[in-house]
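Chemist: Quick mapping for you: the protein sequence lines, in order, are chains A and B. Sequential numbering of the first sequence, starting at 1, is according to my numbering. Sequential numbering of the second sequence, starting at 1, is according to my numbering.
Treat the hints as calculated values from the structure; they're not laboratory data. Where hints are given, some of them may not hold.
Unchecked claim - Far from chain B, by Cβ distances over 10 Å, these chain A residues were calculated:
hint : residue
1    : 11
2    : 58
3    : 61
4    : 86
5    : 126
6    : 156
Stated by the list, open to error - Straight-line alpha carbon distances no greater than 27 Å define the calculated DSSO-like cross-link-like pairs of lysine-lysine that follow:
hint : chain 1 : residue 1 : chain 2 : residue 2
7    : B       : 35        : A       : 84
8    : A       : 161       : A       : 150
9    : B       : 220       : B       : 242
10   : A       : 84        : B       : 34
11   : B       : 119       : A       : 84
12   : A       : 4         : A       : 156
13   : A       : 163       : A       : 150
14   : B       : 245       : B       : 154
15   : A       : 163       : A       : 4
We treat Cβ as the ideally placed atom computed from N, Cα and C, and that holds for glycine.
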Amino acid sequence: MRFKAELMNAEEMRRALHRIAHEIVEANKGVEGLALIGIHTRGIPLAERLARYLREFEGKEVPVGTLDITLYRDDLTEIGVRPKVRETRIPFDLTGKAVVLVDDVLYTGRTARAALDALMDLGRPRRIYLAVLVDRGHRELPIRADFVGKNVPTAKNEVVKVKVLEVDGEDRVELWEKEEA
Amino acid sequence: MRHLLDFQGWSRAQVESLLDTARVMREVLERPVKKVPALQGFTVATVFFEPSTRTRISFELAARRMSADVVSFAAATSSLQKGESYKDTLLTLEAMGVDAYVIRADAAGVPHQATRWVKGAIINGGDGRRAHPTQALLDAYTLLEALGGLEGKKVAIVGDILHSRVARSNAELLSLLGAEVVCAGPPSLLPQALPGARLTPSLEEALEEADAVMVLRLQKERMEAGLIHLEDYIARYQVTAKRLKRAKPQAPLLHPGPMNRDVELEGTLADSERSLVNRQVQNGVAVRMAVLYHLLVGREGA
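Full structure from sequences and hints, please.
Modeler: The following block contains the structure:
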């Protein structure tokens, strides 16, 4: 793969997440009854950061859970390498909550669909929002995000890599291009 | 890994990866909706040429919890009674679109043979005295939960070792995971050798400082062959509260079932807090979900 451009640096990521946190408060009229759920892998640290900002802004704790959608993927029958199944940990009751699903990139929408299915099996939230750091387009399902850090029009042969301090040692969003086979 | 026949050729990393998946499946079983769509579209057949209750039901539940379709074949009510061969039975199921077969057989090697007859994944649900890998996996999982790790831990396996596929598979697997396995039983019920385990006729020696104790069913049907006298066995080999004092304090007790109360194990111990028998059964479903996931979905990563 060939590196093409930096889409966001650490400061831009911080500002985007700050803004998303404000938008969540605005949409939900506060943080009462709110919960954040990060989708493995990079959605989890992003959800934790949003929870930290919400605490700074509103002075209240918002519970954070983690969700692995592997067992809900719609391509498991045709997949190449078997994906590792990871832990889903939601240490609070989802029923009646306004849940913000958090992921790094929104692309085809299939991960979000799987996450919705998984959440429905775990409880009955009052409503579900979707927050993503980058929306790169190319949806295959009628799904849209409620909160977006940055919209990036991409080509299909491009790859958006979100790097986060907690996993990758740095905060940065990069655009790469797949080489012709 | 295309089939699960025994643990030959398995690496410790492969086992640990499978047990990691089982941990997630355990969590699925605690959800309000104990079901995920991962194996939607797959068909799993339980093909039991030998009777079984818990293994068959455990596999069927595991497959259903993963949204697979399940067909169940039991020898007693099948065309085997009309003279059909094992091979033709499996070929018939294959023609109906089965993707994975859980095979239980009284003769060792039937699951191995089956890998040559059909294209689907074969899971050994217990063959003769040879192997019962999913029982060993659920035992290892239960021990990991209870002990935190298996490296350097002493596990005593007690009872009819000679006829036990459970002892054989456990010795293979637990030693692969770093445990010291000591098998004890009357000399007439000990094999010449058991890969992965040390054998001793002394129950006391096996129990000494054991971190966990696995008690095996004394297979009464074999006693008629004069291998042992029941009273002698109870007197010398029954795991009792008094004898268990040699093991580490609170060392957990396992039993693969079905249990002969007050024969191989003192009845009150089976119901004590140290007994993990019910936990083994619960973990069995999670472990079998993990096995089905690993065999049916994709290929192993690098």
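Chemist: Please go over all the hints and tell whether each is borne out by the structure.
Modeler: Going down the list of hints, with the structure as the test:
1. 11: At roughly 35 Å from the nearest Cβ of chain B, residue 11 of chain A sits farther out than 10 Å, so the non-interface label holds.
2. 58: Non-interface label stands for residue 58 of chain A: nearest chain B Cβ at 30 Å, farther than 10 Å.
3. 61: The claim holds: residue 61 of chain A sits with its nearest Cβ about 24 Å from chain B, beyond 10 Å.
4. 86: 7 Å, violated
5. 126: Consistent with the label, residue 126 of chain A stays out of reach of chain B, its closest Cβ about 16 Å off (over 10 Å).
6. 156: 23 Å, holds
7. B/35 - A/84: 18 Å, holds
8. A/161 - A/150: Holds. Residue 161 of chain A to residue 150 of chain A sits at ~13 Å (cutoff 27 Å).
9. B/220 - B/242: 24 Å, holds
10. A/84 - B/34: Holds: residue 84 of chain A and residue 34 of chain B sit about 20 Å apart, inside 27 Å.
11. B/119 - A/84: 25 Å, holds
12. A/4 - A/156: Roughly 14 Å between the alpha carbons, so the hint for residue 4 of chain A and residue 156 of chain A holds.
13. A/163 - A/150: Answer holds: residue 163 of chain A to residue 150 of chain A is near 15 Å, not above 27 Å.
14. B/245 - B/154: With a Cα-Cα distance of about 15 Å, the restraint between residue 245 of chain B and residue 154 of chain B holds, given a limit of 27 Å.
15. A/163 - A/4: Distance of about 15 Å is within 27 Å: holds.
The earlier numbered hint that this structure contradicts is number 4, and it is the only one.
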